[in-house]
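Asker: What follows is the residue order along each chain.
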Amino acid sequence: MTLRLTCLCLLCLAAGMVAAEEEFTFDASEYEAEPFSFGGYLELRPTLSLLDRCAPAYELGHPDGGPGAEARYLLRAHLEGAYDGGDVYARLRTEADLLGGDSGGDAAFTLQEAYAGWQVNPYLTLDVGKKQVKWGTGYSWSPVAFLDRPKDADDPDLPREGFNMLSVDYVKAFSGSIQNAALTLAAVPRTSDINPDFGDTDGTSYAGRLHLLWDNTDIDLMAISGDSGPVRYGMDFARNLQTNLAIHGEWSTSPSEPRLTVAPDGTLRADQVSANRLLLGLRYLTEDDVTYILEYQHNGPGLSRSDMDDFSTYAEDALEQYRATGDTAALARARQLSRLLQSAQPLGRNYLYLRASMQEPGGILYLTPAITLRMNLDDASFSLAPEAVYTGFTNWELRGRAYLLVGEPGSEFGGKPGQTRFELMARLYF
Amino acid sequence: MTRHLKLPIGLLIAAAVFGSAVAASAGEGDELLKQVDRKLEPASYESYRKLINVEPDGKRKEFVLFTVKKGHDKVAMLFLEPASEKGRSTLRLGDNMWLYVPKVGKPVRITSLQSVTGGVFNNSDILRLDYSKEYTVTGMKKEGGTTILTLKARTKAVAYDKLIMWVDSARKLPTKIECRTAANMLIKTLYFKDIKDFGGGIVRPARVETDSPLHKGYRSVMLFSGLKARTVKDEVFTLGFMAKMGTLR
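If you read the protein sequences in the order shown, they are chains A and B.
Heads up: the first sequence begins at 1 in the working numbering, then just goes up one per residue.
Heads up: the second sequence begins at 1 in the working numbering, then just goes up one per residue.
Calculated directly from the structure, the hints in this document are not laboratory data.
C-beta: ideal position from N, C-alpha, C; glycine also.
Treat the hints loosely; a few may be bogus.
[Said to hold, decoys possible] Facing chain B, according to a computed beta carbon distance under 7 Å, are these residues of chain A, among others: (1) F26; (2) G129; (3) Q132; (4) D157; (5) Y170; (6) V171; (7) A182; (8) T243; (9) N244; (10) Y390; (11) T394.
[What the hints assert, rightly or not] Derived coverage of chain A by chain B (criterion: at least 3 residues anywhere in the stretch with Cβ under 8 Å from a Cβ of chain B; other residues may be distant): (12) 77 to 86; (13) 205 to 216; (14) 223 to 234.
[Said to hold, decoys possible] Some chain B residues flagged as far from chain A (calculated, every beta-carbon gap over 12 Å): (15) G27; (16) R49; (17) L51; (18) N96; (19) T146; (20) A159; (21) S169; (22) A170; (23) R171; (24) R180; (25) T181; (26) N184; (27) G200; (28) M245.
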C-alpha cells in the first residue's frame with residue numbers, strides 16, 4: 001500500500017514536472033512573415049487644467065474673465081500599415097483625433113506618412129512620398145532636424161506628420177575605424193498644395209546628410225538649401241562612454257534667417273540674423289536603475305528676457321486699451337502676435353532639460369515613474385512634470401502625468417494660462 | 001654566494017613554471033570558450049526567440065524576437081510581439097547599441113545595462129556577442145564531466161566584470177553561468193536547459209532561464225527556435241536599416 005502510494009506520488013510529481021517543463025513552448029513557424037501588416041493603437045487622454053486667471057496669455061484670451069478650470073479629452077486612433085515585398089516596401093501612418101471638452105469639440109485626420117521604397121541593392125534605397133525624417137541626437141530638441149516639424153516639448157517622442165519628398169540613401173559598411181557610412185539626399189518641393197507649411201516660399205529645397213560611425217562615435221554632417229527657407233548647416237554626435245553613460249550633442253548654423261520680435265508699441269520686426277543653435281546632453285544610468293537625461297539647449301535667435309518684456313508691455317497696453325475703450329483691434333493683434341511668437345519653438349534662448357526615470361522601482365515590473373524639468377534659464381521659469389507609466393498588461397500602456405508651470409507673470413512658463421494640468425492616458429495597442 | 005642565489009633562482013623557476021602553467025590553462029580555456037561559442041550558434045545566423053518575464057505571482061509577459069548575427073560583433077533584432085512593441089528593432093555593433101522605436105522614428109543610443117524588455121535580462125543578454133569576444137579566461141578547473149571557467153571582461157564596456165561558466169566537457173555547452181561584479185557580487189545566474197537538435201549540425205540548449213538576487217521572485221526565460229546559419233550583408237547592421245529589419249524575414 002505504502003509502495004503504491006509512493007509510486008502514485010512519484011507519478012504525480014513526474015507529471016507535474018513534465019507540465020512545468022511544457023509550460024514554455026515556442027515554434028518559430030507560427031511567425032511566418034506576411035507581406036502586409038497592420039497595427040496601431042487607440043488612445044483616450046482626458047486632461048484637467050487649473051487656469052491662472054492672472055496669467056497674461058489667459059487675460060488675452062479671456063479679457064472679460066472666464067472659467068478657472070478646463071476639462072478636455074482626446075480620443076485618438078493611430079493606424080499603421082506596412083507592405084514588405086522583398087526589395088519593394090511601403091509604409092502608411094494615419095492619426096484620427098476627436099477632441100472634446102469645456103471649450104468645444106473638434107475632429108482632425110492627419111496622414112502622417114505614406115511612402116513607397118525600393119531597396120535597389122543592399123547599399124542603395126529610394127523612397128518617395130510623405131515621410132518623417134528625423135535627424136539629430138537630442139531627446140528634447142533637435143536643431144539639426146531640417147526635414148522635420150518641431151518636437152512637442154511635453155512629449156518629444158510623439159510621431160509627427162512628415163513632408164512629401166524624394167530621398168536616396170546610400171550606405172556602406174567598413175572594417176576600419178570608420179565602421180559604416182551613409183549618405184542621404186532629399187528633394188522637398190513646396191507649393192500651395194504640397195508641403196504648404198515647409199518653409200516660407202514655393203520652390204524646391206535640397207538637403208543632405210552624411211552619417212559616419214567613426215571609432216564608436218555617431219557623427220552626422222547635414223545641410224539644407226533651396227527656395228523655401230534659409231541655408232542651414234549642422235552636425236551632431238553621440239557616443240557611449242561607459243556601459244551606463246552616453247553623451248550626445250548637436251549644432252546648427254544659418255548665415256542669415258529672420259528673427260521675429262515685437263516692440264512695446266506693437267511693431268513686428270523681422271531682423272535678418274546669423275543663427276546658431278546648440279544642444280549638449282548626456283544619458284546616465286545609476287546602479288538603482290534611475291536613468292538621467294540632462295540637456296542644455298542654446299537657441300541663438302530665441303527671445304531674450306527683454307524681448308519677452310517688450311511683448312508683455314504691448315499685450316498689457318492692448319488689454320488696458322480694450323478695457324478702457326472696448327476697442328478689440330489691439331487685442332486681436334496682440335493675440336495674433338502671441339501665436340506668431342509662440343510658433344517658434346523653443347521660444348527662449350537658453351534652456352535646461354532634465355528627466356529622471358526609474359525602471360521598475362521596488363521590483364515592480366513594467367512600472368516607470370519619471371519626472372521632467374524644463375527650465376528657461378533666462379527668466380528662471382520652468383515646467384515640472386511628474387508621471388508614472390505602467391505597461392504590465394499586455395498591449396496596454398497606462399500613464400498618469402501632471403504639469404506644474406512656475407514663474408513670474410511675464411516669464412515663459414509663468415505667462416501660460418494652464419498653471420497646473422493633470423492628464424491620464426490609456427493606450428490599447430493592436 | 002651560490003647558496004644565496006639558490007633561493008631566488010628557485011623562486012624564479014617556480015614562478016616561470018607556475019606562470020606557464022597558468023598561461024597554458026588560460027590558453028586551453030580560451031580555446032574551449034571559442035568552442036562553446038560555436039557550439040551555441042554559428043558565427044553568422046538567424047533565429048527566433050521568445051522571451052518570457054515571469055513575476056512572483058506567476059503573471060507573464062512575452063516578447064517574440066527575430067535576430068540576425070554576423071561575425072563577432074554584429075547583432076540586430078526585431079520585435080514581432082506583443083503588438084505594443086512590434087516593429088521595434090535593436091542593433092549592436094561591438095560596444096555600441098541602438099534602439100529604434102517606430103513611433104519615435106530614429107535610432108537612439110542605449111547602454112548595455114538597460115533592458116529593452118524589462119525583467120531580468122538586460123540588453124547585453126539579449127544582444128549577446130560571442131563570449132570569447134568579450135571575455136578572456138583567467139581560470140579553469142575540472143570537476144567530473146564539468147569544466148568550470150572563470151572569465152574576465154576584456155574591457156570596461158562589457159556589461160559584467162566577471163563570469164563563472166560551468167561547461168559540459170563532452171558537449172562543449174554551458175550549463176550554468178554566474179554573472180558577477182568585479183567585487184564578486186552575484187548579479188544573475190543563467191541556466192541552459194533542454195538540449196535540442198536545430199538541424200544543420202546545431203545542437204544546443206533551446207531554453208535559457210535566469211534569476212537574480214536583485215530581482216527576488218522574478219525570473220526570465222528565453223526560448224530558441226528556427227536557429228540556422230545565415231549570412232547577410234554588413235549593411236544590414238547600420239542605423240538606416242533598423243526601420244527595414246522586417247524585410248529580412
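Asker: Confirm or reject each hint.
Answerer: Consistency of the hints with the structure:
no.	hint	result
1	F26	holds, 4 Å
2	G129	violated, 14 Å
3	Q132	holds, 5 Å
4	D157	holds, 5 Å
5	Y170	violated, 9 Å
6	V171	holds, 5 Å
7	A182	holds, 5 Å
8	T243	holds, 5 Å
9	N244	holds, 5 Å
10	Y390	violated, 11 Å
11	T394	holds, 5 Å
12	77 to 86	holds (count 4)
13	205 to 216	holds (count 3)
14	223 to 234	violated (count 0)
15	G27	holds, 26 Å
16	R49	violated, 8 Å
17	L51	violated, 10 Å
18	N96	violated, 6 Å
19	T146	holds, 22 Å
20	A159	violated, 6 Å
21	S169	holds, 25 Å
22	A170	holds, 23 Å
23	R171	holds, 19 Å
24	R180	holds, 15 Å
25	T181	violated, 10 Å
26	N184	holds, 16 Å
27	G200	holds, 14 Å
28	M245	violated, 10 Å
The structure does not agree with the numbered hints 2, 5, 10, 14, 16, 17, 18, 20, 25, 28 stated previously, though it agrees with the rest.
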